[in-house]
Amino acid sequence: MAIHFPSRPGLVVYLTAGDPSLEATYAIALAALDNGADVLELGVPFSDPLADGPVIQRASERAVGRGVTLQDVLALSRRVREARPQAGIVVFSYLNPVVRMGLPDFCKAAKQHGADGVLLTDMIVEEAGEYLAEMKANGLAAVFLAAPTSPDERLRAIAESSEGFIYAISRVGITGTQTSLESDAEELVGRLRQFTQKPIAVGFGISNAAHVAAVGRFADAAIIGSAIVSLVEQSASGNEAAAVGKFVRELRS
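In this text, residue positions in the sequence shown follow this note's numbering: the first is 890, and each later residue adds one.
To be clear, the hints were calculated from the coordinates, so they are not data collected in a lab. All residues carry an ideal CB built from backbone N, CA and C; glycine is no exception. Any given hint could turn out to be false.
[Said to hold, decoys possible] Listed next, the in silico SDA-like pairs over lysine to any residue satisfying Cα-Cα at most 25 Å (straight line): (1) Lys1000 / Glu912; (2) Lys1000 / Ala1022; (3) Lys1025 / Pro895; (4) Lys1135 / Ala1102.
[To be verified] Between beta-carbon pairs, the in silico distance windows are: (5) Glu971 / Arg1082: 17 to 25 Å; (6) Pro974 / Arg1043: 31 to 39 Å; (7) Asp1041 / Asp994: 33 to 41 Å; (8) Ala1022 / Arg989: 28 to 36 Å; (9) Pro1040 / Glu912: 38 to 46 Å; (10) Glu1019 / Pro1040: 32 to 40 Å; (11) Glu1015 / Asp937: 17 to 25 Å; (12) Gln975 / Lys1087: 18 to 26 Å.
Let the sequences and hints guide you as you build the complete structure.
The structure is reproduced here in structure tokens:
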């Protein structure tokens, strides 16, 4: 299954794997897919998630505290793939756990466990030669982050190297919800369009149906992260999947 967005705007849902538990994340993942998500980003919990705001930091800390590992997230990817063969699945991680596993072993395992692509938040395109070779050898899409502060030369390299979709960061800073969508997002997508017709998804701060609709006017997909993770954090135990399913359905409305 390749990553694609059958209707516009597409919807990418980020989950911190293992928060509140791996079994709960599995149920949440299926609920998100069954209610309109096109692609899942399965976040590997990390002890020092520098790009993330407090909501995802807390979720990552809880999952790390429960001992959730990269191997656990790959096993979760396999379960989701078996249950929902048409889902788009991206393993979302910081570089450190991947380096510890070994890049060739990781790429091989990601493919074997049903992932379509990988996003490493701190893998920069200028140093990604070995990574891109391993990803290509295993038929995986490498998703890169593009920031409003990136010069055009760098955006061109990101556009050329990315597969599946390009993750356009809507603003400078860390992840987290916001009340309005920054104009930086539309400008960044316009700049990327100079170099590619590949799908562009906008993330960082997308938190409601109005944001999703606004993104759909200029990009291919919206990425929802902190709003979902916050909802999981606030939901009663055992009710997380139902709450996320309802929220995703509302985003689609």
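Hints, one by one, checked against the model:
{"no.": "1", "hint": "Lys1000 / Glu912", "verdict": "22 Å, holds"}
{"no.": "2", "hint": "Lys1000 / Ala1022", "verdict": "14 Å, holds"}
{"no.": "3", "hint": "Lys1025 / Pro895", "verdict": "24 Å, holds"}
{"no.": "4", "hint": "Lys1135 / Ala1102", "verdict": "17 Å, holds"}
{"no.": "5", "hint": "Glu971 / Arg1082: 17 to 25 Å", "verdict": "37 Å, violated"}
{"no.": "6", "hint": "Pro974 / Arg1043: 31 to 39 Å", "verdict": "36 Å, holds"}
{"no.": "7", "hint": "Asp1041 / Asp994: 33 to 41 Å", "verdict": "36 Å, holds"}
{"no.": "8", "hint": "Ala1022 / Arg989: 28 to 36 Å", "verdict": "20 Å, violated"}
{"no.": "9", "hint": "Pro1040 / Glu912: 38 to 46 Å", "verdict": "45 Å, holds"}
{"no.": "10", "hint": "Glu1019 / Pro1040: 32 to 40 Å", "verdict": "24 Å, violated"}
{"no.": "11", "hint": "Glu1015 / Asp937: 17 to 25 Å", "verdict": "22 Å, holds"}
{"no.": "12", "hint": "Gln975 / Lys1087: 18 to 26 Å", "verdict": "20 Å, holds"}
The structure fails to meet hints 5, 8, 10 from the earlier list, while all remaining hints are met.
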